[in-house]
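Engineer: So the sequences go chain by chain: A and B.
For the first sequence, this note's numbering gives the first residue as 47, with consecutive numbering after it.
For the second sequence, this note's numbering gives the first residue as 2, with consecutive numbering after it.
These are computed hints drawn from the structure, not numbers from a lab.
For glycine and all other residues, C-beta sits at the position ideal for the given N, C-alpha and C.
Some clues are possibly wrong.
Here are a few chain B residues that face chain A, going by a calculated C-beta distance under 8 Å [to be verified]:
| id | residue |
| --- | --- |
| 1 | Ala-67 |
| 2 | Leu-69 |
| 3 | Ile-97 |
| 4 | Pro-99 |
| 5 | Tyr-106 |
| 6 | Phe-108 |
| 7 | Ser-110 |
| 8 | Ala-112 |
| 9 | Phe-114 |
| 10 | His-116 |
| 11 | Tyr-125 |
| 12 | Thr-175 |
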Amino acid sequence: MNWQAIILTLRLALTVSAVLVIIGLPLAYWIAFSRRRWKFLVESLVAMPLVLPPTVLGFYFLLLLGRGGAVGAWLNRIFGVTLPFTFAGLVVASVLYSLPFAVQPLVAGFASVDRKLIAASALLGASRTRTFLRVVLPLSLTHLITAVVLSFAHTLGEFGVVLMVGGNIPGVTRTISIAIYDDVQALNYASANQNALFLLIFSFVILSLVYALNRRAFFIGTVQ
Amino acid sequence: MNQVSPLQEKARAADRLLLRITKQFAKARNGAAGFCLDLNATVLAGITILFGRSGAGKSTLLDCIAGLLPPDSGRVALGSEGEETVFFDSEKGVNITPAQRRIGYVFQSLALFPHLTVNANVEYGLVRLDREQRRQRRAEILQLFHCDSLGERKPDEISGGERQRVALARTLVTGPRILLLDEPLSALDVGTKLKILEDLQAWNRRRRIPILYVTHSPAEAMRLGENVIYLEDGGVLAQGKPEILRQYAVDEF
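Chain B extracted, bound-state conformation (with noise of 0.2 Å):
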């Protein structure tokens, strides 16, 4: 359990997020058993794929990490070289809101302010910073992320891969500590979705933070995990490299 890769080991920043969670998230009626999430686990910095079936757990455990839902009880913190930001605690009635933990989270269907440009929406979390930083940090993430030339558009005026970049773009350039995303990719083909995964990668190397990626392709999980957390029933199944699925006779190996 709990391998760390070689590339995490030279990590720079030794961030970590500790995770401590029990949350009902569906009620036991008419005899269908109910669900609860109940795991203690640590997330590293890099990329770690959150792993397993619908109904896991996976987006549950992503929304009391990020905020969204409150826990039932535990903790959720993040460790910065002996430093600790708690976001969450049960016990110490400690629970910061969304907009003042800095994570970053992309969800599956996006959520791009389909009234605003997007230029407009990258710059969106960036209200703190004068005009022409905004523009410039703006300007870095979408070359980064290769949408340089979408500016003025709309979103429903950019393709479906398009989409996903300056999701990723919105979210990345407001330097977030903690990097959740839920499926981001799960809508586009093979050749978009690989050259997206480079980019992601390329900040990655970059930027070391805590990235838990939902995915319940295995291909993916073997080619972007760094570590994996494989989720059954609301608990944590196994954890350690990418290779401990195939223990796990998942169907597509």
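So that you can see chain A by itself, here it is in the shape it has in the complex (with noise of 0.2 Å):
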């Protein structure tokens, strides 16, 4: 088995997740509740990598974040920071390419609170931070799992986004949906078996275990 990829799809995963909880959360707040007329724009920006094929969003990428780009060559010249064909990179495009399936189950999440329950703690006294903190994601816990799941797993099993970003760099972007490509291609059937059962495998455990939980959150009354 292919550890390297293994390890390596797995840590872009745990990433990817991370960051996208960071930025899905005040994302998908404002989506929820800002009364903006334009927001209709930002909510279709979101969703566009749902419909756009990881080729589109890989294309522009290079092409904006590339060395000869116009966010790239500022990056490199302030930073040195170079993202085609490294790690940093596939984590910047792999968010994008997410974020609806972040973003998406928080806002379902955040609209379903009963807004008088957001008023309630308002009129007690509380922020706007600690309704937040106390009532409106302690209501969306289950949605929020759905959002670090769904980011986790959709990152695991990308694929063109990360061969246009990331090329194939053993260690550094080649990850395990690569990994599979390349033993096909190389009709070396046995290795890809192995990897690609891996990630069937691992992938209907980690879904199992967020069905479970939702359930269980379920039934002790998280959910309203």
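Both chains are sitting in their own frames, so use the hints and assemble them into the complex.
Structural biologist: Set out below in structure tokens:
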């Protein structure tokens, strides 16, 4: 089994999930509660990766963030950072590509919290932050778990974006899905089978855990 | 208009809520008339019944007082012995947040936090106190409302009447300067309701603050109210002692 690719993939999926929680929570909060007229534009932008092929995202990523790109050149000059064909670049691209998988469950969770509970919290003197931490977030806990797992699972199974942005560098950007592709190209079916089976079983176990957790959360009354 | 009951003349604090509000709360469309709240009223300390049929603007009025909805124009202020706290003033651009108003508001749905225990619900508004003070205040109020045995249970594990008591306790424990009750007892049987009303009246005798109690039950209005504001189509139709309701041939009389 290609442990190097497996560990790299898990590291990527964990990093991306963590970044998506940090970005996703405020973004989803804004989408769920803002009354701006142009909110629909932000919602559409967030949902774009659902409909676009990863090649489109990867292409513009390279164009913008490549060494010759407007943002890429600036990043390189100021911070000495190069994104294409690096692990960091893979994280940035994967975060963008998995954004809807984190944001949409969170928006659904926040929007399903009874507005009267939010009003009651404010009337009892709570700040917005306290209301969010004590009322909105706990009542959206199952949605948060769903968001994390979907982000993780979606990154785990990513192929196109990784190939476009990361290339195929062992230990740096060669994830398990790329390794499988390589194996198949080289007619190395035994190795491909091992890695594919690992991904299959691992994904199934993760998803089962989540569904089991959500069930339990439902019964102990975390969900209304 | 505006008769003052003897009870209120004895009131130790002369708190009163001064209201001048206009607020469009349903847009006119397809020939249906729009509704506009347009009223000028003073709510004295003690229990004032806000009476009126559904759609008269009762809940909109409470939301405007609490700061959950901004009035289109007007002024909402609490007057207390020469001092005045302005919550909203469209001319001066004042509109303080619900969290800063210290207004108690019990919704018809109660809005108890379903994921928190009774104790945690009641202590929710006491975050500024230390742990021991919180515990003490919570124990006092739960005893006053006869729910000291519920402590560690969640709202969906207690009865409807108990939930109403906990909701009242959670709001009153914070020492609000104004209390707004939007039909909090409408779902209860008469016996349970009367007992809770007694507890509320006991609290009212101790702490005289303006209480606005929404109901469309004339029986409740007569029993509980020291004053009545009769709202119709967004305006004050009549204001005075509960007996004034008789003049308006309200259905249930």
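Engineer: Indicate, hint by hint, whether the structure satisfies it.
Structural biologist: Status of each hint after checking the structure:
The closest approach between the C-beta of Ala-67 of chain B and any C-beta of chain A is roughly 6 Å, which is under the 8 Å cut-off, so the hint is satisfied. Of the supplied interface hints, the one on Leu-69 of chain B holds, with its beta-carbon coming within about 5 Å of a beta-carbon of chain A, less than 8 Å. Below 8 Å, beta-carbon pairs count as interface contacts, and Ile-97 of chain B has none with chain A, the closest being about 12 Å; its hint is therefore violated. For Pro-99 of chain B, the shortest C-beta to C-beta distance to chain A is roughly 4 Å, which falls under 8 Å, so the interface hint holds.
Below 8 Å, beta-carbon pairs count as interface contacts, and Tyr-106 of chain B has one with chain A at about 5 Å; its hint therefore holds. Because the smallest distance between the Cβ of Phe-108 of chain B and any Cβ of chain A comes to about 5 Å, under 8 Å, the interface hint for this residue holds. Interface restraint check: Ser-110 of chain B against chain A, minimum CB-CB distance 6 Å, threshold 8 Å, status holds. Taken as an interface hint, Ala-112 of chain B checks out: its beta carbon lies about 4 Å from the nearest beta carbon of chain A, inside 8 Å.
Annotation: Phe-114 of chain B was flagged as interfacial toward chain A, and the flag holds, the nearest CB pair being 6 Å apart, inside 8 Å. The criterion of a C-beta within 8 Å of any C-beta in chain A is met by His-116 of chain B, whose closest approach is roughly 5 Å, and the hint holds. Given hint, Tyr-125 of chain B at the interface with chain A, holds; its Cβ is 5 Å from that chain's nearest Cβ, closer than 8 Å. Using the Cβ-Cβ criterion of 8 Å, the hint placing Thr-175 of chain B at the interface with chain A is satisfied: the shortest such distance is roughly 6 Å.
Hint check: a violation occurs at hint 3 only; the rest are consistent with the structure.
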